[in-house]
Amino acid sequence: VQPAMSSRSAGPLKPTETIDAGPLAAGPLTAGPLAAGPLAAGPLAAGPLDIGWATSGWYRGLEILPKPRFRQDVLVRNPTPEDPDLDGYARAAALAAGLSIDDAWWPGVVRHLGVLMARAASLEPNDIRDAPLPADSAAVFTP
Amino acid sequence: MIEDDRLGNGDAVAIAGDVRAGRVTATEVAQSALAAVKSGDGEVNSFTSVLTERALLEASKVDALVAAGEDPGPLAGVPFAVKNLFDVAGEVTLAGSRINGEDPPATADAVAVSRLTEAGAVLVGSLNMDEYAYGFTTENSHYGPCRNPHDRDRVAGGSSGGSGAAVAANFVPLTLGSDTNGSVRVPATLCGVFGLKPTYGRISRRGMFPFCPSLDHVGVLARSVRDLAMTFDVLHGHDPGDPVSVDRPPELTADQVDDGIGDLRLGVAGGYFARGGVPEALEAVATMAERLGIDRRVTIAEAGRARSAAMVITASEGAQLHLDDLRDRASDFDPMTRDRFLAGALVPASAYLMAQRFRQWFRVEMNRVLASVDVFLAPATPFPAPLIGQREAVVEGETVLTQPYLGYYTQPLSLVGLPVVTVPVSGASGLPLGVQLVAAPYREAVLLRVAAELERRGLCGIPEVGRRWT
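Taken in order, these protein sequences are the chains called A and B.
First residue of the first sequence: 16, per the working numbering; consecutive thereafter.
First residue of the second sequence: 1085, per the working numbering; consecutive thereafter.
Treat the hints as calculated values from the structure; they're not laboratory data.
Hints are supplied without guarantee of correctness; some may be wrong.
[Said to hold, decoys possible] If you want the ones that stay clear, here's a sample from chain B, every Cβ over 12 Å from chain A, calculated:
1. 1098
2. 1108
3. 1154
4. 1157
5. 1174
6. 1187
7. 1334
8. 1359
9. 1389
10. 1408
11. 1422
12. 1424
13. 1427
14. 1441
15. 1447
16. 1471
[To be verified] Simulated coverage check for chain A against chain B, where a stretch passes if three residues somewhere in it have a Cβ under 8 Å from a Cβ of chain B:
17. 102-115
18. 146-156
Even glycine gets a Cβ: it sits at the ideal position worked out from N, Cα and C.
Same shape as in the complex, but just chain A (with noise of 0.2 Å):
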């Protein structure tokens, strides 16, 4: 997984770095409106992902898709809300993108980026194409 790259800093973070100036340095868990959220109060509030969020801030929580197992996991069944990876990743990316998604609607969208998550992966192995994929990734398209 290659880290974002911050802007208070020179290069990517590495997974051992810690954001610790401005205004993510405490992390929206703490300080923000999700501090009582899910995550605090939710099966994951003692997990991985929770000691991510109090000591590094979002990077450590991206950490958790560990990008080999995820997309073998994801290839051969269908991600579960209760597989760990998933659900972590997705609480993470989450509380980066600010939502607060209700504990009732929590299944369905698990359930649908894992779907969406295999379809990305799937994407990737070169079992017909000749040649890797073309770098163009532009999303204005010509036909």
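Since the structure of chain A is already known, use the hints to place chain B on it.
Here is chain B on its own, set in the frame of chain A:
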């Protein structure tokens, strides 16, 4: 419902001909359409607003032009309606949502609406749809489900469900829809009408509420091929106000639809497109190919992955568009769309960009396939209209989710913006089905020639509502 003999078979070209010749007035036609909606739409629920005053005013202007001996336009007096994501001056653009219902009314018509009215067509209302166009069934929790005129216990398809149902019920002969993943082609198929999704960028989307900007198209639903052609001719053309509008000179089609298909290379899509549907959906294509004497089969590599890429792009762009509302008032979304938008908001950028890269590869692949044939045939939907509320269906022994699976055959094609015409055919169940005709970018004229030939030979056509085909 337009039952007056003076209105011919009810298609737009016939109506316009009668209005232009003075055999009927545009006002009479508009009154007939408005009466049909009033008496019949209570059971169908295809309209979300009826614009009586505007329709009669526009019709009177057409009549005045005819009376003065001036040209009222090629669609003179043709009543039409639009999916409620198109701006209509003075009306709130709902886009199927409750949230947008709080917006102020639009101050101007969408470009597509303007072009039709400038051609003499008369707008009579706005139409039901899936919330924010994210669906294939128009089971809208805010405005109620749109019912299929052929069986009112069944869905009309989506997301332009009202657009399909209003034409099938003969409330109006012509409607506008939008197609991102199949949202014109699916309802056209399930309702048994003709549908056209032109090449991406052909028709301006200015004034149309977006869903997924890099995939959104304007499309047309109608009762005949010549109606599709005439309407396409009026609608297409460059608009600098739409960032993806293609800058090409007009390429008119209506005068070509009777040219026949003798010089065209036709094929049938194999592989992915030859499986994945119930037998009657696949047999509809095979029968049509046999009647046309088509023996060329084209194989489209990676169509399944193309559908995957379309899903990822759609979810990501759609979620981004609605991110503020997802943060602030997610409970106001239709539950059918809310969870998918929320999931889309969590998709990593790397996944989205991978899908766009795949799309570039698939574009080259499709253009390679379309260098060997002018038009190929493919199924339009994997099964006929499901029941309202039906969540699962069985295809080839496997249980699938009804709603998303309706896009199985349409999503790979719109991913790369290809022009597609869907023609209505009969299924063994007696419910309408459809066949997609697919061509290379900007070859709408060729598609419409093939569709017209099929129509002439009786291999496709509009089924009569209330009488199932056998």
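Verification of the hints:
A cut-off of 12 Å between C-beta atoms confirms that residue 1098(B) is not in contact with chain A; the least separation is 33 Å. For residue 1108(B), the non-interface assignment is confirmed: its Cβ lies about 40 Å from the closest Cβ of chain A, beyond the 12 Å cut-off. Listed as a non-interface residue, residue 1154(B) keeps its Cβ farther than 12 Å from every Cβ of chain A; the least gap is roughly 38 Å. Under the 12 Å C-beta cut-off, the non-interface status given to residue 1157(B) relative to chain A holds; the minimum distance is some 30 Å.
Every Cβ of chain A is farther than 12 Å from the Cβ of residue 1174(B); the closest lies at roughly 32 Å, confirming the non-interface assignment. Chain A leaves residue 1187(B) outside its interface by the beta-carbon criterion, the shortest separation being 23 Å against a cut-off of 12 Å. Non-interface call for residue 1334(B) relative to chain A: holds, since the shortest CB-CB distance, roughly 18 Å, exceeds 12 Å. Every C-beta of chain A lies more than 12 Å from that of residue 1359(B), the closest at about 17 Å, which supports listing it as non-interface.
Consistency note on residue 1389(B): stated as away from chain A, yet its beta-carbon is not over 12 Å from all of that chain's, at 6 Å minimum. Not every Cβ of chain A is farther than 12 Å from the Cβ of residue 1408(B); the closest lies at roughly 9 Å, contradicting the non-interface assignment. At roughly 7 Å from the closest C-beta of chain A, the C-beta of residue 1422(B) falls inside 12 Å, breaking its exclusion from the interface. Distance to chain A contradicts residue 1424(B) as a non-interface residue, since its nearest Cβ pair spans about 5 Å, not more than 12 Å.
Listed as a non-interface residue, residue 1427(B) fails to keep its Cβ farther than 12 Å from every Cβ of chain A; the least gap is roughly 4 Å. The Cβ of residue 1441(B) sits about 4 Å from the closest Cβ of chain A, inside the 12 Å cut-off, so the non-interface label is violated. The claim that residue 1447(B) lies off the interface is violated: its Cβ sits roughly 7 Å from the closest Cβ of chain A, which falls inside the 12 Å cut-off. Consistency note on residue 1471(B): stated as away from chain A, and its beta-carbon is indeed over 12 Å from all of that chain's, at 22 Å minimum.
Restraint check on the region 102-115 of chain A versus chain B: 8 residues with Cβ-Cβ distances below 8 Å, three needed, restraint holds. With 9 residues having a Cβ less than 8 Å from any Cβ of chain B, the region 146-156 of chain A passes the three-residue criterion, so the hint holds.
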